[in-house]
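Here the protein sequences line up with chains A and B, keeping their order. Position 142 (the first sequence) corresponds to 141 in numbering that gives the first Met the number 0; numbering is contiguous. Position 160 (the second sequence) corresponds to 159 in numbering that gives the first Met the number 0; numbering is contiguous.
There may be inaccurate statements among the hints.
Unchecked claim - Just a sample of chain A residues kept apart from chain B, beta carbon distances all over 12 Å, derived:
hint, residue
1, T11
2, G20
3, F21
4, T22
5, T24
6, P29
7, G37
8, L94
9, P98
10, D110
11, D118
12, K130
13, A137
14, I143
15, P151
Said to hold, decoys possible - Sample of chain B residues at the chain A side, in silico, Cβ under 10 Å:
hint, residue
16, L13
17, F17
18, G33
19, T36
20, G148
As the list claims (entries may be wrong) - Straight-line Cα separation of at most 20 Å, EDC-like style, residue types lysine to aspartate or glutamate; simulated pairs:
hint, chain 1, residue 1, chain 2, residue 2
21, A, K132, A, E70
22, A, K126, A, E81
23, A, K92, B, E8
24, B, K3, A, E150
25, A, K130, A, E150
26, B, K172, B, D89
27, B, K87, B, E155
28, B, K172, B, E64
29, B, K3, A, E81
30, B, K87, B, E145
31, B, K171, B, D69
32, A, K126, A, D107
33, B, K96, B, E155
34, B, K3, A, E33
35, B, K3, B, D32
36, B, K119, B, D139
37, B, K3, A, E59
38, B, K87, A, E70
39, B, K87, B, D135
40, B, K158, B, D32
Read the hints as simulated data drawn from the structure, not as lab findings. Quick caveat: nothing in here was measured; it's all calculated off a predicted structure. Where is the CB? At the ideal position from N, CA and C, for every residue including glycine.
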Amino acid sequence: MTQAGSAPAPDTVLRAGFDVGFTYTRMVGPVIGEFLAGLRDGQIKGIKGSQGRVICPPTEYDPQTAEECTEFVNLPETGTVETFNWVQQPRAKHLLQKPFAWALIRIDGADTSLLHMVDAGNEAKMKRGMKVKVRWAAERRGFITDIACFEPA
Amino acid sequence: MSEKIEMIECPVTLSYNFSAGAAPTRFLRGMKDGRLTGQRSPLTGKVIVPPRGACPESGLPTSEEVALPDTATVITFTIVYLPIPTSKLDPPFVVAKLVLDNSDQTFILLVSGCANEDVKIGMRVKAVWKDQSEWDYSMDNIAYFEPTGEPPVDIEALKTRRLAEARQYIEKKAGSK
Chain A
0 MTQAGSAPAP
10 DTVLRAGFDV
20 GFTYTRMVGP
30 VIGEFLAGLR
40 DGQIKGIKGS
50 QGRVICPPTE
60 YDPQTAEECT
70 EFVNLPETGT
80 VETFNWVQQP
90 RAKHLLQKPF
100 AWALIRIDGA
110 DTSLLHMVDA
120 GNEAKMKRGM
130 KVKVRWAAER
140 RGFITDIACF
150 EPA
Chain B
0 MSEKIEMIEC
10 PVTLSYNFSA
20 GAAPTRFLRG
30 MKDGRLTGQR
40 SPLTGKVIVP
50 PRGACPESGL
60 PTSEEVALPD
70 TATVITFTIV
80 YLPIPTSKLD
90 PPFVVAKLVL
100 DNSDQTFILL
110 VSGCANEDVK
120 IGMRVKAVWK
130 DQSEWDYSMD
140 NIAYFEPTGE
150 PPVDIEALKT
160 RRLAEARQYI
170 EKKAGSK
């Protein structure tokens, strides 16, 4: 149950930190798996939808026609901010421990957008339509955080 | 080409600042001193442990504290064979619902100190406390319950007797008004 610290005053209600956790391991499937392997290898990959649209991050099925997607396309490390939300005070679990933006980023050559962080320093530098590029993590393992964040291009 | 990615680890953790509330705080203060304390329902006289500050049947506040012994009866149990992530316990182990003597609510606790196969419904058990130097405001002060060696209890008879006592309590209270 709970672990309390030093003896509290007799009339105070006991409080303690209490973590609830679930140790999920998730199967990613062939398409997300290929996308993550690409990130590990320093390559962003999209997938061709049935109407020639490029979907990034890739999906197993075209969201409009429900047809299966199979043709991967390599994409560049640059993109455009479609919309963003500035985080002035990062919370403990945020990966950037300084003000940053959550942004929907359309990778150049893609027709859909990817949710990630932009390290722009301050909010005034954030604009819809701004160009950004990938900042790769120092160590990559096949996870979305292999992209450490995006930064103004 | 390098290796495929098939699985990813994605643990989810929520960090709470847990407030025990007034009644459980009193219970946990008792635990710190090695005492088990229940609270009596003013409606039925049933003893609730661990106490939540209110009678679950009537919603009335429970202010009368009742010192309880650390002996109990196994009401039901299960043998856990699978390891539980983050748990220090080595399976197989027994998790049981116990009812402490003189109380009316079950508790989930570990039963050990005998072969798992020997745990039975109705078995009499007693708390094995950790060393006093380790006591905190926590149920974990009790390492587990172990068999006392007393003859088993018929839990249906136990239930019937406790319910009869609750009825008497209600009648006596009605009579004294």
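Quick rundown of the hints versus the structure:
| no. | hint | in the structure |
| --- | --- | --- |
| 1 | T11 | violated (8 Å) |
| 2 | G20 | violated (4 Å) |
| 3 | F21 | violated (5 Å) |
| 4 | T22 | violated (4 Å) |
| 5 | T24 | violated (5 Å) |
| 6 | P29 | violated (8 Å) |
| 7 | G37 | violated (9 Å) |
| 8 | L94 | holds (14 Å) |
| 9 | P98 | holds (22 Å) |
| 10 | D110 | holds (24 Å) |
| 11 | D118 | holds (23 Å) |
| 12 | K130 | holds (29 Å) |
| 13 | A137 | holds (18 Å) |
| 14 | I143 | violated (9 Å) |
| 15 | P151 | holds (29 Å) |
| 16 | L13 | holds (5 Å) |
| 17 | F17 | holds (4 Å) |
| 18 | G33 | violated (15 Å) |
| 19 | T36 | violated (14 Å) |
| 20 | G148 | violated (29 Å) |
| 21 | K132/A <-> E70/A | violated (24 Å) |
| 22 | K126/A <-> E81/A | holds (9 Å) |
| 23 | K92/A <-> E8/B | holds (16 Å) |
| 24 | K3/B <-> E150/A | violated (28 Å) |
| 25 | K130/A <-> E150/A | holds (9 Å) |
| 26 | K172/B <-> D89/B | violated (49 Å) |
| 27 | K87/B <-> E155/B | violated (34 Å) |
| 28 | K172/B <-> E64/B | holds (18 Å) |
| 29 | K3/B <-> E81/A | violated (31 Å) |
| 30 | K87/B <-> E145/B | holds (19 Å) |
| 31 | K171/B <-> D69/B | violated (28 Å) |
| 32 | K126/A <-> D107/A | holds (17 Å) |
| 33 | K96/B <-> E155/B | holds (15 Å) |
| 34 | K3/B <-> E33/A | holds (7 Å) |
| 35 | K3/B <-> D32/B | violated (56 Å) |
| 36 | K119/B <-> D139/B | violated (23 Å) |
| 37 | K3/B <-> E59/A | holds (16 Å) |
| 38 | K87/B <-> E70/A | violated (47 Å) |
| 39 | K87/B <-> D135/B | holds (18 Å) |
| 40 | K158/B <-> D32/B | violated (30 Å) |
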